[in-house]
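Enquirer: Sequence:
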Amino acid sequence: MKLKDYSGINKITLENFLSLNEEQAVRFDFLTQGEEADRTELTNSIYHKLFPWFDEKKHAGDTLNTYRIAVKKYYGKYYRFLDRKTQLEIIGIIKKCTPHNEGQIFEFEETDKKGKPYYQLCNNYQLGNFFILPVQGGINPKRAQEPYNDFFDKFLIVLNELYNSNFKNDFKSTDKLKKAIVFQKDYFKKFTNTADFIDENYLLAITDIIKQRGKKLYGALHVNDNQNTIS
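Residue numbers are given in my numbering: position 2 of the sequence shown equals residue 2, and the series is strictly consecutive.
No lab work stands behind these hints, which were simulated from the structure alone. Warning: the hint list may mix true and false statements.
Said to hold, decoys possible - No farther apart than 25 Å at their CA atoms in a straight line, the calculated lysine-lysine pairs in the DSS-like style are these:
| hint | residue 1 | residue 2 |
| --- | --- | --- |
| 1 | Lys2 | Lys72 |
| 2 | Lys114 | Lys2 |
| 3 | Lys154 | Lys168 |
| 4 | Lys4 | Lys116 |
| 5 | Lys215 | Lys96 |
| 6 | Lys77 | Lys142 |
| 7 | Lys189 | Lys179 |
| 8 | Lys73 | Lys142 |
| 9 | Lys58 | Lys142 |
| 10 | Lys11 | Lys95 |
| 11 | Lys95 | Lys2 |
| 12 | Lys179 | Lys168 |
| 13 | Lys154 | Lys73 |
Take the sequences, apply the hints, and build the full model.
Expert: This is how it looks when you write it as structure tokens:
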């Protein structure tokens with residue numbers, strides 16, 4: 001399937017999303033809402049509801065953990081360059097380990113510049129795998145580079161080091177991620193420390209994997225919705 005035949009066709013509103021039951025919501029594939037799944041109209045409306053400080057001009061959605069870089073790290077090649085047998089093995093693992101709704105795609109067809117078709121792997125675009133970051137400074141692309149490889153736990157380790165040093169600019173100049181975080185230290189200083197950052201961003205349940213965090217966010221959405229209704 002081509003991505004254009006799956007993504008951005010059947011868009012829903014926040015009201016529609018909140019009408020889903022918990023299981024449907026945590027399994028919902030936001031790639032259906034647009035190719036930049038963590039920054040669609042629906043995801044932005046969710047961020048506004050969950051995070052009072054969210055400003056679309058300053059902040060953007062990000063995906064906590066991604067498959068593509070992990071696949072390259074483990075297999076030595078990007079998914080598109082692996083043989084079909086290995087690709088199908090990867091898809092099988094993801095399907096087995098990822099709760100998902102019927103009809104969700106895990107890969108899509110693309111064509112390279114020479115007109116040769118290939119398969120691209122989808123990342124996990126579910127509620128529990130999203131959070132927000134400042135746009136300026138490039139934290140998002142820099143945490144995808146070596147040695148961090150888009151692993152969110154490694155990002156948290158770096159962030160914790162910087163909280164402990166009060167964001168002092170005394171690290172090696174080669175560490176681009178630390179530079180980017182320090183550039184946005186005013187944003188991170190809104191939170192008392194790493195524990196507060198984790199708590200305010202509903203990240204405590206990240207150790208319970210995406211499904212559990214999705215349930216936590218789903219519950220928070222409905223709490224906020226009830227409060228708005230009362231007021």
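Enquirer: A separate judgement is required for each hint: does it hold in the structure or not?
Expert: Each hint tested on the structure:
1. Between Lys2 and Lys72, the direct Cα distance comes to roughly 22 Å. Compliance with the 25 Å bound is thereby established for this hinted pair.
2. For the hint linking Lys114 to Lys2, the alpha-carbon distance of about 17 Å falls within 25 Å, and the restraint holds.
3. Only pairs whose Cα atoms come within 25 Å are accepted, and Lys154 paired with Lys168 is accepted, the gap being roughly 19 Å.
4. As the CA atoms of Lys4 and Lys116 are separated by approximately 18 Å, the hinted pair is consistent with the 25 Å bound.
5. Taking the CA atoms of Lys215 and Lys96, the gap is near 19 Å; set against the 25 Å cutoff, the hint holds.
6. Simply put, Lys77 and Lys142 have alpha-carbon atoms about 20 Å apart, close enough for the 25 Å limit, and the pair holds.
7. With a CA separation close to 15 Å, the supplied pair Lys189 and Lys179 stays within the 25 Å bound.
8. Pair hint Lys73 plus Lys142 holds up; C-alpha atoms about 16 Å apart against a cutoff of 25 Å.
9. A hinted pair counts as satisfied when its Cα atoms are at most 25 Å apart, and Lys58 with Lys142 qualifies at roughly 17 Å.
10. Taken as a hint, the Lys11 and Lys95 pair is honoured in the structure, with Cα atoms around 24 Å apart against an allowance of 25 Å.
11. About 19 Å separates the Cα atoms of Lys95 and Lys2, which keeps this hinted pair within 25 Å; it holds.
12. Straight-line distance between C-alpha atoms of Lys179 and Lys168 comes to about 10 Å, which keeps the hinted pair within the 25 Å bound.
13. A distance of roughly 15 Å separates the Cα atoms of Lys154 and Lys73; the hinted pair therefore holds under the 25 Å criterion.
Hint compliance for this structure: every hint is met.
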